[in-house]
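Asks: Below are the chains, spelled out letter by letter.
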Amino acid sequence: MAAVPTDRSRQAQGKGRPLFVYFIKRSFVALLVAITVSVVSFLLLHVSGDLAQSLAGPSASAADVAQVRKAYGLDRPMVIQYLDWAGKAIRGDFGYSFFLKQPVFPIIADRLPVTMMLGVSALVIALFVSIPLGIAAALRPNSWIDRLALTVSVFGQALPSFWFGLLLMMLFGVTLRWLPVSGTGGWQYYVMPAITLSYYSIPTFMRLTRAGMMEVLASDYIRTARAKGLRTPTVLFKHALRNAIIPLVAVAAVQLGFALGGSIVIEAVFSLHGVGYLGWESISRADFPVVQAIVLILALFYIVLTLLADLLNAFLDPRIRVR
Amino acid sequence: MTVETYIDVTSVLPVSAGAALRRRVLGHTTFLIGAIIIIFIVGVALFAPLLAPHDPYAQDLSLRLVPPVWDESGTWAHPLGTDQLGRDYLSRLIYGSRISLMVGFSIMIMSGIIGTTLGVVAGYFGGRIDLVINFIVTTRLAMPVILVALTVAALAGSSLQNVILVLGLLLWDRFAVVTRSATLQIRALDYVVAAQAVGCSIWRIVASEILPNVLNVIIIIATIEMANGILLAASLSFLGLGVPPPLPDWGAMISDGKQYMFFSPWVITIPGVALFTLVLGINLLGDGVRDLTAPENRS
Chain A
0 MAAVPTDRSR QAQGKGRPLF VYFIKRSFVA LLVAITVSVV SFLLLHVSGD
50 LAQSLAGPSA SAADVAQVRK AYGLDRPMVI QYLDWAGKAI RGDFGYSFFL
100 KQPVFPIIAD RLPVTMMLGV SALVIALFVS IPLGIAAALR PNSWIDRLAL
150 TVSVFGQALP SFWFGLLLMM LFGVTLRWLP VSGTGGWQYY VMPAITLSYY
200 SIPTFMRLTR AGMMEVLASD YIRTARAKGL RTPTVLFKHA LRNAIIPLVA
250 VAAVQLGFAL GGSIVIEAVF SLHGVGYLGW ESISRADFPV VQAIVLILAL
300 FYIVLTLLAD LLNAFLDPRI RVR
Chain B
0 MTVETYIDVT SVLPVSAGAA LRRRVLGHTT FLIGAIIIIF IVGVALFAPL
50 LAPHDPYAQD LSLRLVPPVW DESGTWAHPL GTDQLGRDYL SRLIYGSRIS
100 LMVGFSIMIM SGIIGTTLGV VAGYFGGRID LVINFIVTTR LAMPVILVAL
150 TVAALAGSSL QNVILVLGLL LWDRFAVVTR SATLQIRALD YVVAAQAVGC
200 SIWRIVASEI LPNVLNVIII IATIEMANGI LLAASLSFLG LGVPPPLPDW
250 GAMISDGKQY MFFSPWVITI PGVALFTLVL GINLLGDGVR DLTAPENRS
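First to last, the protein sequences are chains A and B. Here the first sequence stands for residues 0 to 322, numbered as in numbering that gives the first Met the number 0. Here the second sequence stands for residues 0 to 298, numbered as in numbering that gives the first Met the number 0.
Just chain B, with the same shape it has in the complex:
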């Protein structure tokens, strides 16, 4: 005869930290939806050559502006139709995910490095250095981003690399502002004071005491800036000075489709939905991280 256990052991034992985190992550709808969207789009970008039914650059002028399959004259040969040059829209959309992800990610890394450096330095040293960095941030904020980016792109030539460079050099302000105030708070805490008293070098204090503790906010700002960078790069493409043709950029697809949208609305709705979904996914992921890492939700 077996002894029946009336109490489920797991409910008595304290939950391990990892399990608690898993439970919180899986119970957080916002985070989950965001993660699923991003994983899907990253997957599409990684396996683009396998997924795309056609060459995204192959033109077929006899098959221009073929409607998508849900339209009565659409065919499965081109599930999302073709553009004004007869290129397969689905294939361009699939390859476009690579460009958007790369642009967003590179802008985020560049602006993150610049902004975090400025912010941590300003917050840690304070005084005059803080004043100077504050001044730099204020000056940057006063410059109209899109106009400046367009001008530089026009003069330096519009290429993928230039779009990333100019936006990466312009979008660091939020990183700087937020890491500065986070560093200011942390600098005054006991463990930083203790590290200073023990005689740790500034590099060591920044690397092992400050950065790990501002990482949370950095991740949240990183998602915001990645989304922002993707939207701004798409705006530049839309204005004709972003990612140059024939690259399959979503913003450029909307721009090219603009003159056909009244008769073939899908040419702008499809890439627009893709852009919207990607940015929404990044924002949801960021919101989720913020909720999950907020101390008051950790119980």
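Just chain A, same shape as in the assembly:
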């Protein structure tokens, strides 16, 4: 049970203070999560197999493996290796790529815009499809359009993304020749990958919009707005949608985080040279400094996006701050 706030405690909190406290607390947790992720991903990399062995190759002799182990400092205690790596990573130094013989960070920074472009356009497509569908479904529950929206989301969730991508490629790239089949380049190269990636989030957004709209439409202030004779579009868009869409903003931020992490499959399908593709390439050529940096950077994106989403929620809904 929360204690009933006395007048004095209310004054002590002051206006806007709880939000600030919440911000500090939440940021601290985010920092802890980031550190834990870095430790866990480091451990996973060093525990799941022998890095020196996969670097030296399967045919390397024991002496060669030992030499590689020494050359890359893999013979040191794990804690030392982690602290060494993490200490440099904080300053943006993720070490050297085993394969490309270049510093890791610029390689990733070079590919980052492609993945961001892909993630953001997928998000925009998903919102453009799901909000109108969600509104239409909420206005006429159990109508054909509601059922259509439900069917689309049930079927969409069962589609393997890479397979859906290949089907799009065959249709628009080969049969119709509207879009380039695969590769990296102008906006045309992003259309099919973005559509494929957007499929993940459409059902989530649609359900949220539908539920939000239905709840808001049943509220008193909408009835008042209608009763005082406002036109239906004004009621729908100015009064209802604005309120219904609030939870969507935060969820969109989280979905963007998931999309950036999940883009690896789609980038591999379409040979789109973003961070995900780089990760895939690096895994197959045992370039683990790059892999490790990508895991951490993608996790950081997710952590920052969820932090922003939580803060936004707390800003919009004061009840969350006191939890």
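Don't read these hints as lab results, they were simulated from the structure. Because the structure is a prediction, the values reported are computed rather than measured. No residue lacks a Cβ here, since even glycine has one placed at the ideal position from N, Cα and C. The hints are all genuine.
Cut-off 25 Å, straight-line C-alpha distance, at most; resulting in silico cross-link-like pairs (DMTMM-like, lysine to aspartate or glutamate):
no.	chain 1	residue 1	chain 2	residue 2
1	A	Lys-69	A	Asp-92
2	A	Lys-24	B	Asp-129
3	A	Lys-237	A	Glu-214
4	B	Lys-257	A	Glu-280
5	A	Lys-100	A	Asp-49
6	A	Lys-87	A	Asp-74
Non-contacting residues of chain B with respect to chain A, defined by C-beta distances greater than 12 Å in every case (computed):
no.	residue
7	Asp-54
8	Asp-70
9	Phe-104
Put chain B on the given structure of chain A with help from the hints.
Replies: Below, chain B without anything else, positioned relative to chain A:
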């Protein structure tokens, strides 16, 4: 002379619980379609040796990429054609159902045990324990699943067992989140409080008061995670680090077929349709269970 009965007795008597359940199940299209799909695929997997016309591993390099029977150059010897190594596609598809079902089921059991344990413990004890478990869930969510799974598979070696292990260890988050909130609600109910007052042990309360009541949500999440696990395992296979060749995995079949798809599109459409149907069936079954067990639909 017989007395005619004007009223059908069954319409007067209250329906038994079992009959009501049967009626609801049979009247629920989503559930029925899902169940039929799953029963069919499980049947195919069980009787694979009887159903498959050929050995799924037998190569015949003289018969590579033979088109399916509906194509004009297809033959009934290979109803769904052959792959790039001349292996019978139907037989590989049939044996592939075993792999997908096994992968999905094992991942679901593993992640279910981990997630439910964490969720029930967090929800039941609350306080610091809840905070710690929440933190673990948040950390897990921040890790990019596919990239981490690929890395571990690459280092530990890609095998069926490793794919199941790595995904089972990664996909428990939804189980934890949902069982936690369900447990939180149940913990406050009178019968749990009563059990505590009587002096039941924690194990007994969890086993006989909490778990039976969160079973509903566990089943629903289990279907979601089984579908999710199958799709992710297929993605790993597609990226070349999942189920290793020559196992007839549907994701690997799509991956192998990718370079031939422009001239022989069936090599990717057939395994893709199989994967899609299986996942759709599991999702429909889960949706059906959710509708059927929702209290407001029980009247």
